[in-house]
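**Student:** Modelling step: build the complete structure from the supplied sequences, incorporating the hints.
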Amino acid sequence: MTRPIWWCVPVAMALGMVWGGEAARIVNYEISARLDTKLRAVEGHETLTWLNDSSEEVRELRFHLYMNAFRDDKSTFQREEDGHPKKDALGWIEVKSLRIAGGADLTKSMRFLHPDDDNAEDRTVMAVALPEAVKAGRSIALEIDFHTKLPHVSARTGYHGDFYMVAQWFPKIGVWEKAGERYATQGQWNCHQFHANSEFYADFGRYAVSLTAPSNYVVGATGVLENRREDAAAKTATYRFVQEDVHDFAWTASPLFQRIERTFDPAREVSARELADTAKLLGLPEKEVSLQPVRMILLIQPEHAAQVERHFKALRAGLKYFGLWYGKYPYPTITMVDPPYGGGAAGGMEYPTLFTAGTSWLVSERRQAPEMVVVHEFGHQFWYGMVANNEFEEAWLDEGFNTYSTSKILDKVYGPQDLSPSRWVHGPGVNWDAINRGAYLMGAKTDNLLRNAWEYYDGSSYGLNSYPRSGITLRTLENYLGEATMARIMRTYFQRWRYRHPCTRDFIQVANEVSGQDLKWSFDQFVYGSNVVDYKVGEVENREVGDKKKQFESVVKIRREGEAIFPVEIRVRFTDGKTADRKWDGEYRWVKFKFTGPAGVESVEIDPGHKILLDVNFANNSYREDVAVKPLFKWWQNLLFWAENLLLVAGGVS
Amino acid sequence: MRPIRAISQGARAVIRAGRMPLVFWFFTLVFALAVVLPVGAILYGDLGHSLYAERMLNNFDLQWLAEMMNRTDGLPVYVFPPLIALVAVGYILLGTFLAGGALTVFASEEGKYRPGLFYEGCGRNFWRLFRLLLVSLVFYGVVLAASVALKGLGKSVWGQGMEERPLVIFGWCRSGLTVVLLLAVNMIFDYAKIRLVVEDSRKSWRAALGAVKLVFRNLGGTLATYGLVALVAVALALGYHAVSGTIPRNQALGMLLLLVLQQALVVGRIGVKLLFFGSQLEIYRGVTAATAIVEEPPALETPEVPELPAEC
Ligand SMILES: [Zn+2]
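Protein chains in written order, with this note's numbering: chain A, 1 to 654; chain B, 1 to 312.
In silico BS3-like cross-links for lysine-lysine, where the CA-CA straight-line distance does not exceed 25 angstroms: (1) K74/A - K86/A; (2) K203/B - K213/B; (3) K328/A - K280/A; (4) K592/A - K536/A; (5) K151/B - K86/A; (6) K87/A - K155/B; (7) K38/A - K235/A; (8) K412/A - K328/A; (9) K155/B - K86/A.
Calculated directly from the structure, the hints in this document are not laboratory data.
**Tutor:** See below:
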């Protein structure tokens with residue numbers, strides 16, 4: 001460990017600001033698409049202009065054809081899911097023609113690749129050999145005709161009844177990673193197959209999309225609606241949505257949606273005091289942390305109409321705190337989509353400037369059910385949308401960072417929540433640190449936190465590591481470094497890497513730089529490793545010494561039970577009410593502290609502030625000489641009461 | 001027999017039976033402890049000397065459960081559900097045993113609890129009541145199967161739709177109907193138990209079918225009696241909630257008071273169970289007595305002829 005170098009902080013902040021800016025526009029999509037509600041399909045034409053901004057020639061293009069994950073049960077996605085979809089639930093994408101604009105027809109040179117496994121049946125990645133290489137710094141324009149059959153909602157895309165969530169629906173070009181970008185040592189395609197446990201990765205650019213749907217349908221999409229033209233004869237309407245500096249485009253349509261629009265007004269949402277406090281925390285002028293108005297659009301199911309305000313309140317919280325902490329939300333609109341009952345598989349998913357939430361008819365007010373999903377999916381506008389890491393390979397950078405940010409916002413705005421399954425039953429209030437830590441403990445040692453999404457032990461290990469474990473790992477880092485340092489790390493990381501593709505190494509570099517410490521020990525253990533933290537009070541001995549004046553000689557032994565090493569604080573309380581605090585680097589297997597004084601040791605506690613959320617055992621972090629009579633009695637008595645009552649219910653049959 | 005009268009006589013029978021509810025309570029306590037003691041031992045071992053316990057006094061921290069599962073590789077999941085199931089089955093058998101004793105006491109002439117009478121009734125009636133329990137499980141099973149079938153029906157009608165509301169409302173109706181039917185089966189088998197004990201019969205199926213007949217022929221009286229006693233149980237629960245809410249739960253005296261109150265509620269619930277038996281026994285007696293009068297063949301009438309004075 002090195003001493004903090006505080007001068008790094010302003011320099012790093014300044015660098016972050018200088019480097020931040022609009023995206024390099026690698027892709028430009030002009031798409032026109034028509035929704036066929038009878039065939040459950042989309043007929044589309046796409047003009048893609050792709051810029052080779054590397055210094056190498058590119059001889060082949062690669063595309064994601066995600067929809068082919070649903071074409072049969074032989075795709076890698078279905079094999080990993082062990083899915084056997086029914087015939088009418090299948091989905092696929094057929095590239096009908098692909099040619100260079102004003103040039104060669106490449107349809108025949110299309111072939112499917114399976115870079116992640118040996119599944120020759122998988123058709124989610126397509127390669128096209130070019131007759132002529134795209135030179136460094138040059139662009140290529142392609143004309144593509146495609147037909148997409150939508151599946152019954154699966155993996156956040158498809159239809160249910162009259163509801164359509166159209167995502168991952170068009171041929172999307174992969175990312176050509178330049179030498180030096182992320183882990184690439186030379187230019188290479190990063191275009192993974194669609195897996196059961198993975199999300200997406202694509203380049204920034206401009207999307208201009210014309211969508212035609214039945215005119216009684218309400219349509220929402222990524223970006224700003226430029227115009228709507230109705231064709232009375234055909235009973236259709238065509239919408240044109242445009243958005244720059246995004247890396248994907250999704251849309252939704254349903255005749256049932258209620259469309260409600262509100263404005264996020266920073267002047268009303270953020271007080272002068274909050275602005276000043278945030279600026280102080282981040283060490284920035286107030287002007288730098290100010291926010292801008294955003295048009296908020298909600299497409300909600302009629303039976304959830306009573307929850308309209310809950311959705312907007314959560315979205316305002318997201319816009320406010322993500323904006324204050326990391327940087328303002330730069331797009332003019334944000335659209336929330338509420339999928340219908342039965343369409344839940346489309347819920348809880350992020351796309352640029354649009355996300356799907358999810359709720360149920362009678363969800364309890366005490367449960368943060370729509371709130372959590374709204375704040376979380378909105379948060380992905382930052383961790384995924386703007387800071388666009390590779391979700392296939394480093395899911396913690398989006399899901400984990402978002403879990404960390406979302407949890408802080410929910411605890412701040414809503415406080416502890418009641419996790420009781422029913423609105424009529426009350427349970428203890430639980431905050432998000434506890435929820436995340438509880439989830440982490442369900443499989444603390446299963447995997448390293450960081451792996452390719454499809455290479456975790458199983459789906460729940462992917463989830464556990466990418467979400468809650470990552471969340472509490474960052475919270476533990478925050479507790480270790482202090483709130484201000486962590487806030488500056490996160491802001492610098494966002495500002496420096498927005499509209500770009502960072503990797504874990506880039507975040508570590510920012511963390512080291514801003515904190516002025518070498519945090520390798522922490523990331524090596526908790527991101528690249530799976531060792532757990534567990535410190536324990538070993539023994540406490542009190543011995544009376546001295547003849548005339550009563551004196552005690554006390555020995556406190558602290559042990560390291562886990563393999564991971566973390567510096568810890570220890571608080572010793574004596575019977576006369578005095579306390580003594582000690583620090584230990586936590587490295588060797590144990591440490592002994594000796595105390596001599598007029599009082600013996602009453603209790604010992606490791607990490608009294610519960611800062612190390614990664615410690616897998618809080619119960620052994622402390623020791624008290626006497627027995628905890630009251631809590632034990634309370635729990636026993638309640639357990640007894642409940643057991644007796646349950647027995648009486650069971651005994652009702654006798 | 002009117003329901004109110006049956007209940008008041010049933011209540012008198014419960015009071016006359018004296019210590020009997022306490023016998024039930026003792027066994028309930030013992031069985032509950034079979035689950036609570038191992039859990040309590042784990043709590044003590046893990047938290048007995050930990051400051052974490054005191055922190056959880058106000059608000060139990062679910063993280064502790066997760067820690068425990070992590071430490072023990074999920075052992076509680078493998079140990080406790082089977083243990084709880086075992087204890088529950090044991091308790092149902094015990095209940096079957098004790099029901100024979102309780103009904104014997106209620107059916108006896110003096111109606112007072114005497115260990116000899118009670119346990120003799122327990123032993124004598126156990127196997128016939130056990131067979132009846134098996135028969136009742138068939139009835140409960142039919143109700144639950146019908147409920148599952150209804151659920152499937154609801155799903156097939158509304159499951160593919162885009163609205164949750166009809167399915168939720170249907171679910172409430174289905175649950176309500178299931179509870180009513182389960183209670184109806186419970187009531188019918190109370191009468192079957194009474195019949196087996198009172199008639200000293202071993203014919204469980206006959207008793208069950210006879211009870212069905214009895215209930216349907218006297219639907220108003222039996223339902224009203226069952227419903228009114230059930231209301232006593234509801235009143236008891238409401239009373240407990242009202243009083244327990246006023247007790248400070250983290251102070252030593254409050255904890256002791258709550259313990260007493262909780263155990264009083266358990267005894268009260270047992271009292272209600274016995275009140276069901278007592279009241280329904282009165283209904284049963286009333287119905288069977290009336291039937292006996294109607295069905296008795298007319299006696300050969302010998303007219304009372306005044307003794308005529310001897311003709312002189
Ligand atoms: Zn997420």
